[in-house]
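A.B. asks: The residues making up each chain are set out below.
Number of protein chains: 2
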Amino acid sequence: MTPAFIALDWGTTSFRAYLVAVDGAVLDSRADAGGILSIADGAFEAAFERHVAGWDPALPVLASGMITSRQGWVEVPYVTAPAGLVDLAAAIRRKTTLSGREIVFVPGVCLRGPSGVPDVIRGEETQLIGASDASDGMYVTRGTHCKWIEVRAARIDRFATFMTGEVFAVLKEHSILGRLMTVGDASGGGFELGVKAGLNERDGSGGLLHMLFSARTLGLFGDIEGEQLAPYLSGLLLGAEIAGARAMFAPGTRPITVVGSTVLTAPFMVALKLAGLNSQLAPEDAAVRGLAKIGRQIGVVA
Amino acid sequence: MTPAFIALDWGTTSFRAYLVAVDGAVLDSRADAGGILSIADGAFEAAFERHVAGWDPALPVLASGMITSRQGWVEVPYVTAPAGLVDLAAAIRRKTTLSGREIVFVPGVCLRGPSGVPDVIRGEETQLIGASDASDGMYVTRGTHCKWIEVRAARIDRFATFMTGEVFAVLKEHSILGRLMTVGDASGGGFELGVKAGLNERDGSGGLLHMLFSARTLGLFGDIEGEQLAPYLSGLLLGAEIAGARAMFAPGTRPITVVGSTVLTAPFMVALKLAGLNSQLAPEDAAVRGLAKIGRQIGVVA
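Sequence lines, in order, name chains V and C. Heads up, the first sequence is in our numbering, so the first residue is 1 and it goes up one at a time. Heads up, the second sequence is in our numbering, so the first residue is 1 and it goes up one at a time.
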């Protein structure tokens, strides 16, 4: 099949490029941990050309993720929510590289919450365009930072960032909570116990800063095994995230569409089920699909 | 004045010893960062003798803090709450060192909360005995982990640990939230803004895992200066702690007694005031006073 365009999903800590056919089929791909933080002196073009060596330089390139941020290759200012496909397409920035490639950079989306506090997504808007088929409802992207996104009238209406993944990582690696954790069979009851505790974060529970300490004391008192403590902490944080997001978005009974790699989406969907919430999985290539839609919208992809 | 006993407050990351007169006056003291984590192969006695060189070996020693834990010198099992001076005194452990010193080790206190989850204090029970004069009410000790302790009928009735100090430290040092923080004048409005945001953690706010991200976006959008971001995050966490603890303990209008060093108690008391709660400062030598009371109770101190 003939390649139609190159999809570039270049984030803070990972590089992913896809050679895509006109029907959306991925013909080839290149990926590694060379995120934008690993690029010195703004040498993005050299890194990009090294990654996509052999791919036709006449193909248009569509790029999303932190590569479009201030720390990236070409900064694209945020579009303010509500924002849909047409709004994103109208705000893209273009660049022609030294080697003659035409690159389109997709903007992120920002908003100010009810109390005036800003929030941002960059990269997730493209995943959402790819995952949504423009249908209204809740979408959640999984990653270091997780984004709960509400689509209304085919546009990103509002969203909120949850630092769940990063908070888990820093507490496990750098706090006292990691000390009693051991590596082993994580399939026991720790995760479910944690989710239920996190979901019950309410008046009288003391809140998250108190409940976190249970990931130490349950181990100290032998209530749960060392190998269950990391799943417990992960569950506790997912439960607290879901409790907070549910109160914010009131998702109702419509299934929540979950976007991301299986290792992150699977436990989250278990946690949603424990919370009594329905969910469904988005296609894994949501970013590629989103870039294709934006490319068609601006006439760069056939 | 004649020395009456040696008070030893030996924690995870600090060593403090005091030479104390019969009236409670501190005649001499030794302190450094040689906490129990820095002691290799259980060589506690050698480290102790090095620190207190020159102090009369005939004086009784009273010890509290993590030195009485499983990782310490002599493990003293937890006493279960409710527990007061008499209960603590009845559960002490004694040791005679190779050099002939008589050491009394004070127990910590444990409980299981309403949902059966354990919680513990070790060292704070002694500070509390020293700070309380046995009067009923709420006490809060400040440190890496903070303890809200309710005294009822002159005993530690219930308590809860909040990981506020450690969570602040790991987020500042190891998460993306530290990236935009700059060092500078911290006296601006960031701290107060953070406390108010944290106090408002409630249904619809998204909860702490969402609100933490504001310590990045407020900086990204220039709403607050880089030097205000660390005070903002500190205030946000203190506000969330107070909101959670208030719902748990319903402290009412009686002043909350705050225990700890000024650098930690001062911002916390400002945060309590912003929450509309009254507070008063405990004497800085609460641990020494508590050890003296326990010593008198068991007849080791005159």
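To be clear, the hints were calculated from the coordinates, so they are not data collected in a lab. Being a predicted model, the structure only gives us computed values, none of them experimental. Yeah, the Cβ is synthetic: ideal placement off N, Cα and C, and Gly gets one too. Some hints could be false.
DEER-style ranges, computed between Cβ atoms [claimed, not checked]:
1. C:ALA25 - V:GLY226: 43 to 51 Å
2. V:GLU192 - C:VAL86: 27 to 35 Å
3. C:ARG179 - V:ALA154: 47 to 55 Å
4. C:ILE176 - V:THR253: 33 to 41 Å
Away from chain V, derived, C-beta distances all over 10 Å, residues of chain C [what the hints assert, rightly or not]:
5. MET181
6. ALA243
7. ILE298
A.B. asks: Now tell me, hint by hint, if it's right for this structure.
C.D. replies: Right, here's what the structure says about each hint:
no. : hint                            : in the structure
1   : C:ALA25 - V:GLY226: 43 to 51 Å  : holds (46 Å)
2   : V:GLU192 - C:VAL86: 27 to 35 Å  : violated (42 Å)
3   : C:ARG179 - V:ALA154: 47 to 55 Å : violated (35 Å)
4   : C:ILE176 - V:THR253: 33 to 41 Å : holds (35 Å)
5   : MET181                          : holds (15 Å)
6   : ALA243                          : violated (6 Å)
7   : ILE298                          : holds (27 Å)
In the structure shown, a violation is registered for the earlier hints numbered 2, 3 and 6, in ascending order.
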